[in-house]
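Please construct the entire structure, taking both the sequences and the accompanying hints into account.
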Amino acid sequence: EEILPGPQITKRRFNDLERGVEYEFRVAGSNHIGIGQETVKIFQTPEGTPGGPPANITVRFQTPDVVCVTWDPPTREHRNGIITRYDVQFHKKIDHGLGSERNMTVRKAVFTNLEENTEYIFRVRAYTKQGSGPFSDKIFIETERDMGRAPMSVQAVATSEQTAEIWWEPVPSRGKLLGYKIFYTMTAVEDLDEWQTKTVGLTESADLVNLEKFAQYAVAIAARFKSGLGRLSEKVTVKVKPEDVPLNLRAHDVSTHSMTLSWSPPIRLNPTNYKISFDAMKVFVDSQGFTQTQIVQKRDIILKHYVKSHTINELSPFTTYNVNVSAIPPDYSYRPPTKITVTTQMAAPQPMVKPDFYGVVNGEEILVILPQASEEYGPISHYYLVVVPEDKSNLHKNPDQFLTEDLLPGRNKPERPNSPYIAAKFPQRSIPFTFHLGSGDDYHNFTNRKLERDKRYRIFVRAVVDTPQKHLYTSSPFSEFLSLDMREAPPGERPHRPDPNWPSEPEVSVNRNKDEQGMWWVALPVVAALIFTIFVTWCIVRRRRQPCKTPDQAAVTRPLMAADLGAGPTPSDPVDMRRLNFQTPGMISHPPIPISEFANHIERLKANDNQKFSQEYESIEPGQQFTWDNSNYDYNKSKNRYANVTAYDHSRVQLPLMDGVIGSDYINANYCDGYRKHNAYVATQGPLQETFSDFWRMCWELKTTTIVMMTRLEERTRIKCDQYWPVRGTETYGQMFVTITETQELATYSIRTFQLCRQGFNERREIKQLQFTAWPDHGVPEHPAPFLQFLRRCRALTPPDSGPVVVHCSAGVGRTGCYIVIDSMLERMKHEKIIDIYGHVTCLRAQRNYMVQTEDQYIFIHDAILEAIICGLTEVPARNLHTHLQKLLLTEPGENITGMEMEFKKLSNVKVDSSKFVTANLPCNKNKNRLVHILPYESSRVYLTPIHGIEGSDYINASFIDGYRYRSAYIAAQGPVQDTAEDFWRMLWEHNSTIVVMLTKLKEMGREKCYQYWPHER
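Residue 57 is where the sequence shown starts when you use this note's numbering, and the numbers rise one by one after that.
Hints are supplied without guarantee of correctness; some may be wrong.
What the hints assert, rightly or not - Listed next, the in silico DSBU-like pairs over lysine-lysine satisfying Cα-Cα at most 30 angstroms (straight line):
| no. | residue 1 | residue 2 |
| --- | --- | --- |
| 1 | 481 | 506 |
| 2 | 481 | 453 |
| 3 | 776 | 354 |
| 4 | 269 | 364 |
| 5 | 1057 | 984 |
| 6 | 297 | 194 |
| 7 | 254 | 282 |
| 8 | 759 | 662 |
| 9 | 759 | 695 |
| 10 | 338 | 237 |
| 11 | 254 | 354 |
| 12 | 237 | 185 |
| 13 | 297 | 232 |
| 14 | 237 | 354 |
| 15 | 164 | 97 |
| 16 | 282 | 331 |
| 17 | 662 | 695 |
| 18 | 886 | 982 |
| 19 | 733 | 886 |
| 20 | 984 | 338 |
| 21 | 481 | 511 |
Just so you know, these hints were derived from the structure itself, not from any lab.
Source: prediction; values computed, not measured.
This is the structure:
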């Protein structure tokens, strides 16, 4: 805007205008009253040729032989008009300009079929209507020296009107083969970014689903390595019209143990046989409360070509089977199957053990132990506890002869004195281990009636499967006769649930009568003599069976020695000693980093999309070769959760051998060093069911007091760790008795307290298990603060004189390695002014393979340490809060601000990447944000149910916030603006929020802080 002096000026010259740009000019007269009406005129400057080349040229390999180049238009001052197209040149360097030349309107070019170990040259120029601008500088693009081989013999066949199966020959592994990536599309363009993709693991076939009916697809496959994708295979086409597979596959007459399959022949293929294959995997809760995984091995059935139906028998109840039927051609080449899943019907639960008597309580109640049913044949809907008073009419009945209908109370039913009755009903999986019979309490509308002193009772438990067929139930056997004049319940802890896998011994009923003392005089000498004889025999046998350890064996393994267990901090740090004794090129080029330079060091590593981080992580190498023979013995292989994650022989935890049990000294676990302490940790896999006893035996032998669990039991529908502890009460694992005494569940972690006993020992030990539950299924935590809080809690609960901290995730290498390195670095920072993450990871990899498994985990370790450096320890015991607050209000030495202001300043200095606010910054959502700089993170924002056809309808400026005990306990939201009042109420409805806390007035200091989102009147 410009004001011209005097009314006599009627011209104005404008210089330095851009070419090919529309300009709008507005002229208005003004006097002492004001400004008059404007005259508007639009002029367009003439175009010229671009004065500069396209900008921001980037090169990206989609596969080793396919490169994608993108660019931006010339900078605005050099465009000189509207860019109409681009001229692209691409050729081998040795061809001196002879090669591909393309005219394009898009700012992206893809070049395929590149040759390996070849250098190419790329350049591009822009055009306006007036002609071309200058070429960009030459971009030199070099392909890999060895691209490897693409997957061969790729074939694809439609298996239904929406699915197809792809199969291929695997590629030879060069580097670490992770799996394959499948590209498929209906329009086979060169740009692979335009194709749909599916990523699979180490397999040789895959299913494509949700395809367009009768459409034709192009398909290609590339291998996935740690370093990226391999070469792309030749493209094959498949029409989504099933012609080579059996049609109309159906399952009918499905029962608990059988099903009948029927199908129609293929349209085009004339088979010589049909092949039926089926397998299954079932997860259920067993009678001990453990989650079991049952795998049904694959079975094949070959049928003649004229057979179009078949009945499969010997199936398991309530099991989902994957059923495949394929047509075998005359040349017996592979043809994909038609697939369906079939779930067999539920059946009555498996037999239970009988309820057990434990003792009389306060002379009025009887404490009994109740069995639980396995859910292998179907989920248990509820349990009934049935009490049968002694009566001649009931003596010869078994529990299943008492019909549930007869046991239920009714208005018109006559109540006889000794009628059986239901004392309690327990919903699914909530049947207690122990129960006070005769308490008078109500349990789901059934009364646990008071017991009469002169009566005897028997009880049984009935488990009902959750199905409309009410007759599907199983009753336990009767208990022994129970009465209030039986023995008192012994003091101490309550018993654990009886194990149905062990044969039950006859109960010994103790009656308080005159002959009781006399019987003890007879029994005690006999029992004492018997125990002495057994002990002497055991000692002789044990001595004969004790294996003789050779010097070679002693050198390979590391037994549980007292010197190892009691070793405190040593003068030399294990990582420093490794730098002295096992220098590698990586160790030399990656020295420890001073704390004062650590932030700048991370910034350098993260430059260029973490390029230096990648280089540093890839260079980690212990520089030695180690053996893992014990893990590969046939009798130990089943104890390894993953075949490729083994325990190095030289650092493995060696358990004491159990007499006559070969391999009983093995567990997949290794000692790992901490800061200034050898064997500070034990890194191990998530226990398997068959290694539960070994795991607890290890904790006992090592005198461990803390177990750190870095995984959930199940993640992304996969079992990561079997539950090795009891849900309630006591469980027996081999020689070990584990009792859970306390459970504390917080927002990001849980703490469980166990009492550990060993058969033949009077000692009881307390062990804390801390389970971090906020590690995401994929990748690493978004922010390290919750993990640091968890780690400090672990250290606070670990006594200084305890044995090694046992750390496990699923494999015991990735997250486990992160925990050990971060914990050790925090300890180092207390005593030294340097950080040695590289050295410590190298040290760990010399003790257990694959420690710190991914580059993302390695970066997360750095981020966590940086967070600890910047923010320090801000957690304060509640009793010290007042004193701490007084200190924060004092001015910091050498500063002009208080400690409180300094802490808040650190929060304000946190750098936030704009990629964290993707949805909030979309054009359709910007008007929904009250303040442009207060936006919800993508990872924690509240999602609304999208409204069809309305872009951005899933967005609201609100975020989930964790509480102390619960994840996403709160929603923090801005004061609604007028356009988002409806979204605000939608959010409350969809997330079942019943309380809204409003911390602002509608207006403050004359400015709107919140729109009135509720009605003005009732």
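Taking the hints in turn, this is what the structure says about them:
1. 481 with 506: Distance of about 16 angstroms is within 30 angstroms: holds.
2. 481 with 453: Holds - the C-alpha atoms of residue 453 and residue 481 are around 22 angstroms apart, at most 30 angstroms.
3. 776 with 354: Holds, because 23 angstroms separates the two Cα atoms, which is no more than 30 angstroms.
4. 269 with 364: Answer holds: residue 269 to residue 364 is near 26 angstroms, not above 30 angstroms.
5. 1057 with 984: 19 angstroms, holds
6. 297 with 194: Between residue 297 and residue 194 the Cα gap is close to 48 angstroms, so the pair fails against 30 angstroms, i.e. violated.
7. 254 with 282: Holds. Residue 254 to residue 282 sits at ~17 angstroms (cutoff 30 angstroms).
8. 759 with 662: The hint is violated at about 42 angstroms.
9. 759 with 695: 22 angstroms, holds
10. 338 with 237: 29 angstroms, holds
11. 254 with 354: 26 angstroms, holds
12. 237 with 185: 43 angstroms, violated
13. 297 with 232: Since the Cα atoms of residue 297 and residue 232 sit roughly 37 angstroms apart, the hinted pair is violated (cutoff 30 angstroms).
14. 237 with 354: 27 angstroms, holds
15. 164 with 97: Distance ~38 angstroms between residue 164 and residue 97 Cα, so the pair is violated.
16. 282 with 331: 37 angstroms, violated
17. 662 with 695: Between residue 662 and residue 695 the Cα gap is close to 40 angstroms, so the pair fails against 30 angstroms, i.e. violated.
18. 886 with 982: 46 angstroms, violated
19. 733 with 886: 15 angstroms, holds
20. 984 with 338: 47 angstroms, violated
21. 481 with 511: 23 angstroms, holds
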